[in-house]
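Model the full assembly from the supplied sequences, consistent with the hints where possible.
Chains as they are written, first to last, in our numbering: chain H, 1 to 570; chain B, 1 to 368.
Everything labelled a hint here was simulated from the structure, so no lab data went into it.
All the pointers check out, no bait thrown in.
In silico DSS-like cross-links for lysine-lysine, where the CA-CA straight-line distance does not exceed 27 Å:
hint	chain 1	residue 1	chain 2	residue 2
1	H	LYS51	B	LYS349
2	H	LYS51	B	LYS344
3	H	LYS44	H	LYS180
A few chain H positions that, by computed beta-carbon distances, are all more than 10 Å from chain B:
hint	residue
4	THR27
5	MET43
6	GLY61
7	ASN89
8	LYS102
9	ASN108
10	SER198
11	THR210
12	GLY272
13	PRO417
14	SER492
For every residue, glycine included, the Cβ atom is placed at its ideal position computed from N, Cα and C.
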Amino acid sequence: MELAGITKRFPGVVANHDIHLTVRRGTVHALCGENGAGKSTLMKILYGMQKPDEGTITLDGEQVTLHTPADAIARGIGMVHQHFMLADNLTVLENVVLGAEKLHGIGNKARKKIKEISDAYGLGVRPDVLVEDLGVADRQRVEILKVLYRGARTLILDEPTAVLVPQEVDALFDNLRELKSEGLTVIFISHKLGEVLSVADDITVIRRGTTVGTAIPSETTPKQLAELMVGEELPSPETRESTVTDVPMLTVDGLHLSATDSDGVVRAVLDGITFTIHKGEVLGLAGVEGNGQAELVEAIMGMRTPDGGVVTLDGADITKAPTRKRREDGIGYIPEDRHRHGLLLEAPLWENRILGHVTEKPNSKRGLIDIKAARADTERIVREYDVRTPGIEVTAASLSGGNQQKLIVGREMSHLPKLLIAAHPTRGVDVGAQAQIWDQIREARREGLAVLLISADLDELIGLSDTLRVMFRGRLVADADPATITPEELGSAMTGAASGHLEHQEDAEGAEGAEPSEPDAPAEGGTSGDDKPDADEKPDADDASEKKSEPKTDTKSDKKTDKKEGGDAK
Amino acid sequence: MKKFDKNKLILGLAAPVLAIVAALVITSIIIAATGQDPLHAYEVMVDFGSKADSQVWIINKATPYYLSALAVAIGFRMNLFNIGVDGQYRIAAFFAAVVGGALTLPGIVQVPVIIIVAMIVGAIWAGIAGLLKVTRGVNEVISTIMLNAIGASVIGYFLQDGRLAEKEGNLIHTPYLPDSAHFFEIPTTPKPIYGFVVIAALAGVAYWFVLNRTRFGFDLRTVGRSESAAQASGVSVKRMVITAMVLSGAMAGLVGMPTLLGVSYNYGTDFPVGIGFTGIAIALLGRNNPFGMALAALLWGFLERTGTQLEFEGYAQEIVGVIQGVIVLCVVIAYEIVRRYGLKVQQRKVGEELAAQARKSDKAEVSA
Numbered sequence: 001m002e003l004a005g006i007t008k009r010f011p012g013v014v015a016n017h018d019i020h021l022t023v024r025r026g027t028v029h030a031l032c033g034e035n036g037a038g039k040s041t042l043m044k045i046l047y048g049m050q051k052p053d054e055g056t057i058t059l060d061g062e063q064v065t066l067h068t069p070a071d072a073i074a075r076g077i078g079m080v081h082q083h084f085m086l087a088d089n090l091t092v093l094e095n096v097v098l099g100a101e102k103l104h105g106i107g108n109k110a111r112k113k114i115k116e117i118s119d120a121y122g123l124g125v126r127p128d129v130l131v132e133d134l135g136v137a138d139r140q141r142v143e144i145l146k147v148l149y150r151g152a153r154t155l156i157l158d159e160p161t162a163v164l165v166p167q168e169v170d171a172l173f174d175n176l177r178e179l180k181s182e183g184l185t186v187i188f189i190s191h192k193l194g195e196v197l198s199v200a201d202d203i204t205v206i207r208r209g210t211t212v213g214t215a216i217p218s219e220t221t222p223k224q225l226a227e228l229m230v231g232e233e234l235p236s237p238e239t240r241e242s243t244v245t246d247v248p249m250l251t252v253d254g255l256h257l258s259a260t261d262s263d264g265v266v267r268a269v270l271d272g273i274t275f276t277i278h279k280g281e282v283l284g285l286a287g288v289e290g291n292g293q294a295e296l297v298e299a300i301m302g303m304r305t306p307d308g309g310v311v312t313l314d315g316a317d318i319t320k321a322p323t324r325k326r327r328e329d330g331i332g333y334i335p336e337d338r339h340r341h342g343l344l345l346e347a348p349l350w351e352n353r354i355l356g357h358v359t360e361k362p363n364s365k366r367g368l369i370d371i372k373a374a375r376a377d378t379e380r381i382v383r384e385y386d387v388r389t390p391g392i393e394v395t396a397a398s399l400s401g402g403n404q405q406k407l408i409v410g411r412e413m414s415h416l417p418k419l420l421i422a423a424h425p426t427r428g429v430d431v432g433a434q435a436q437i438w439d440q441i442r443e444a445r446r447e448g449l450a451v452l453l454i455s456a457d458l459d460e461l462i463g464l465s466d467t468l469r470v471m472f473r474g475r476l477v478a479d480a481d482p483a484t485i486t487p488e489e490l491g492s493a494m495t496g497a498a499s500g501h502l503e504h505q506e507d508a509e510g511a512e513g514a515e516p517s518e519p520d521a522p523a524e525g526g527t528s529g530d531d532k533p534d535a536d537e538k539p540d541a542d543d544a545s546e547k548k549s550e551p552k553t554d555t556k557s558d559k560k561t562d563k564k565e566g567g568d569a570k
Numbered sequence: 001m002k003k004f005d006k007n008k009l010i011l012g013l014a015a016p017v018l019a020i021v022a023a024l025v026i027t028s029i030i031i032a033a034t035g036q037d038p039l040h041a042y043e044v045m046v047d048f049g050s051k052a053d054s055q056v057w058i059i060n061k062a063t064p065y066y067l068s069a070l071a072v073a074i075g076f077r078m079n080l081f082n083i084g085v086d087g088q089y090r091i092a093a094f095f096a097a098v099v100g101g102a103l104t105l106p107g108i109v110q111v112p113v114i115i116i117v118a119m120i121v122g123a124i125w126a127g128i129a130g131l132l133k134v135t136r137g138v139n140e141v142i143s144t145i146m147l148n149a150i151g152a153s154v155i156g157y158f159l160q161d162g163r164l165a166e167k168e169g170n171l172i173h174t175p176y177l178p179d180s181a182h183f184f185e186i187p188t189t190p191k192p193i194y195g196f197v198v199i200a201a202l203a204g205v206a207y208w209f210v211l212n213r214t215r216f217g218f219d220l221r222t223v224g225r226s227e228s229a230a231q232a233s234g235v236s237v238k239r240m241v242i243t244a245m246v247l248s249g250a251m252a253g254l255v256g257m258p259t260l261l262g263v264s265y266n267y268g269t270d271f272p273v274g275i276g277f278t279g280i281a282i283a284l285l286g287r288n289n290p291f292g293m294a295l296a297a298l299l300w301g302f303l304e305r306t307g308t309q310l311e312f313e314g315y316a317q318e319i320v321g322v323i324q325g326v327i328v329l330c331v332v333i334a335y336e337i338v339r340r341y342g343l344k345v346q347q348r349k350v351g352e353e354l355a356a357q358a359r360k361s362d363k364a365e366v367s368a
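Dropping the structure here:
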């Protein structure tokens with residue numbers, strides 16, 4: 001397959017410009033680039049969802065024009081979307097045959113075919129299970145099977161690992177290798193360099209809408225690749241000197257929350273959650289999504305009423321306080337789903353700046369909105385937090401995800417929170433904005449901010465946190481020291497395979513290295529020298545105030561110091 | 001920044017112009033299809049509608065329409081569809097008439113008492129729907145429609161000779177309000193304008209101020225835009241639903257007042273009905289904007305006034321109903337088209353800006 005000179009313009013912007021991509025049959029070809037680099041547009045062109053303005057697509061030596069996804073499917077191209085397109089209330093079989101009933105019917109013939117494909121590529125799909133009973137990794141395999149069922153010989157996987165824990169990623173890669181060995185072609189879109197290097201045969205890097213280079217994994221280091229991708233040195237989420245104090249800021253004690261699930265069964269979503277975050281401490285919460293993290297955040301924010309337990313903020317019991325009171329008392333909130341919880345998409349930026357802080361200065365005075373002050377302050381946030389926008393009158397929906405997030409971070413930080421709840425603060429954010437957000441969190445932490453950090457990006461979690469906890473099925477099952485733990489070790493606790501205090505294994509390589517680790521390369525994080533794996537005191541699982549007497553000792557020089565000072569300057 | 005505002009103004013004007021042109025074209029086609037001359041029809045309407053007595057009539061008609069539209073718009077601004085303004089204003093006017101008829105106080109007390117009773121009754125009636133939504137999850141569209149029917153039955157029960165009403169000829173109505181309860185009029189020729197138009201204008205200003213300038217209004221609009229974001233921002237959505245319904249109902253309580261205090265001085269079987277539904281159309285037409293709704297209410301009055309004249313000229317009177325329907329549809333569609341177009345333009349602008357910034361990003365990074 002070959003794409004040559006592909007250019008795609010959207011009104012006012014060029015999404016793809018002169019793209020060249022050659023994919024050899026029977027290989028895994030990775031397409032790298034940061035968010036917004038134009039990977040998705042390119043894949044949509046390849047899948048017939050959009051037509052290129054210029055350029056040609058050649059499949060097996062034959063030049064083709066793809067008008068619709070149906071054309072692409074007919075030519076053996078299949079796509080596995082980042083967001084699964086499955087009907088939860090149907091079985092795997094039903095989902096697979098949906099829309100492809102003509103191929104093998106909907107009965108035993110289809111079931112046989114599914115089994116056949118599943119066995120051939122080692123997918124391990126059970127056709128008669130309801131999709132809603134499947135985990136994320138299984139769902140993904142169903143998606144892959146769906147594509148194969150339709151006769152695809154070329155698979156496009158859009159960010160397939162974003163939702164998986166490391167162990168699941170390995171399983172996925174085994175599947176991909178299986179596919180490859182059967183002569184199928186896989187195009188793998190990712191911005192996680194470690195993964196790309198471990199699975200791909202060829203790599204093409206896209207930056208700002210154009211192909212900037214190709215690489216062969218065996219001859220490339222993640223660092224080279226990252227620099228190719230970003231065009232500059234990669235930021236690191238690592239926090240070096242500890243700023244943890246012994247003053248508790250947030251104390252959660254025995255929090256319990258039950259909720260009724262779709263079957264009408266009452267289940268404990270949060271059970272016996274107890275922890276303390278001190279001033280200047282970042283507590284990282286690891287866990288596969290859906291294990292109660294979202295509920296915990298909402299309980300602390302007062303958006304859900306727990307049925308047991310006490311929440312104390314800065315010495316004051318806020319268990320019964322309404323959300324607005326908690327916000328006024330100094331909880332900043334960077335929500336997991338910024339579109340649902342953090343923004344009014346159709347409102348202008350200055351109204352979004354008021355959101356959540358309507359009772360606080362400068363947004364209002366004596367019950368009245370102070371539009372002038374709010375607008376002036378929005379201008380300031382746009383300036384100081386580098387929100388890229390033509391003005392504060394544009395709607396939040398017009399901004400890119402990273403800029404929306406910068407606006408939210410700026411807004412929350414502007415009210416000098418005592419506690420920041422940051423749920424996936426850099427999700428869907430490009431590398432530049434990511435670095436900024438990290439800097440701002442570090443900066444505020446140094447000034448005594450307590451942070452509850454929830455992230456699916458284990459490197460971010462390990463890099464930024466002072467303390468790590470693992471959440472599984474509504475309980476805090478394990479804790480770990482971010483100075484020594486590796487993403488893989490954390491991942492095993494996230495799946496429930498390990499619990500209690502996670503001891504770093506001697507033979508494995510530690511995460512605490514002299515070099516800043518690459519945030520996008522999980523494997524890379526642990527490769528640098530492990531000079532003192534046991535120097536750090538292991539926190540005690542039952543003692544909520546584990547960190548107070550043993551601040552981290554690794555205060556070594558940091559490559560990013562200049563960057564931090566850049567943050568200080570404003 | 002200035003250029004942006006100019007674009008915004010053009011976009012803002014584009015929608016109504018587009019809507020009016022489209023509505024004119026469509027109604028012309030419809031009139032022509034009935035074998036009549038559309039241009040002549042418009043001529044008749046404009047001539048007749050601009051007469052002095054027509055103007056007074058239109059303003060007097062538009063006053064309750066406007067209040068009704070405000071009541072509906074309060075709900076719309078937070079995604080509540082209060083379809084029960086009709087029942088709310090009727091039951092409010094009925095009990096206000098009963099209270100007013102039973103009391104004889106000086107006008108300065110009597111009039112406010114009647115108005116306040118009407119607002120309270122309207123608020124309670126709408127509040128029931130709000131309460132049901134919050135506690136039982138009953139959709140407000142259904143509950144308010146039901147409450148319309150219940151309200152009509154309640155009025156029907158009490159509006160009988162010997163209960164709360166008296167008989168006069170063929171009509172049954174509540175006792176007349178004392179003279180002290182008559183609202184002032186603006187002496188115009190040939191007929192006076194109801195003084196309640198002043199209250200309506202004040203209500204419009206209050207609506208604008210509360211929604212756009214107060215914390216409460218911000219919270220209310222936040223809920224309307226995104227319930228989840230509102231909740232996360234610290235607004236109690238449930239309380240806001242009840243408050244908005246209560247406010248909407250209180251506003252609805254005013255709808256019957258121009259008639260009660262300015263024309264009929266009682267609530268009888270001939271009390272106007274259906275203004276609540278007209279209010280929905282006007283709120284849609286005026287895009288919940290206090291000024292826009294005032295224009296829409298006047299337009300509505302104009303169409304109704306001139307419709308009767310069209311009949312004399314041999315046109316089918318139903319044509320006015322058709323025009324009204326077409327206008328509402330055109331406005332809703334035109335605004336949606338313009339809104340989407342505006343959003344696209346804006347996104348493109350943002351895209352351009354970003355592309356421009358990206359070109360000099362290295363420097364931007366440093367200065368940031």
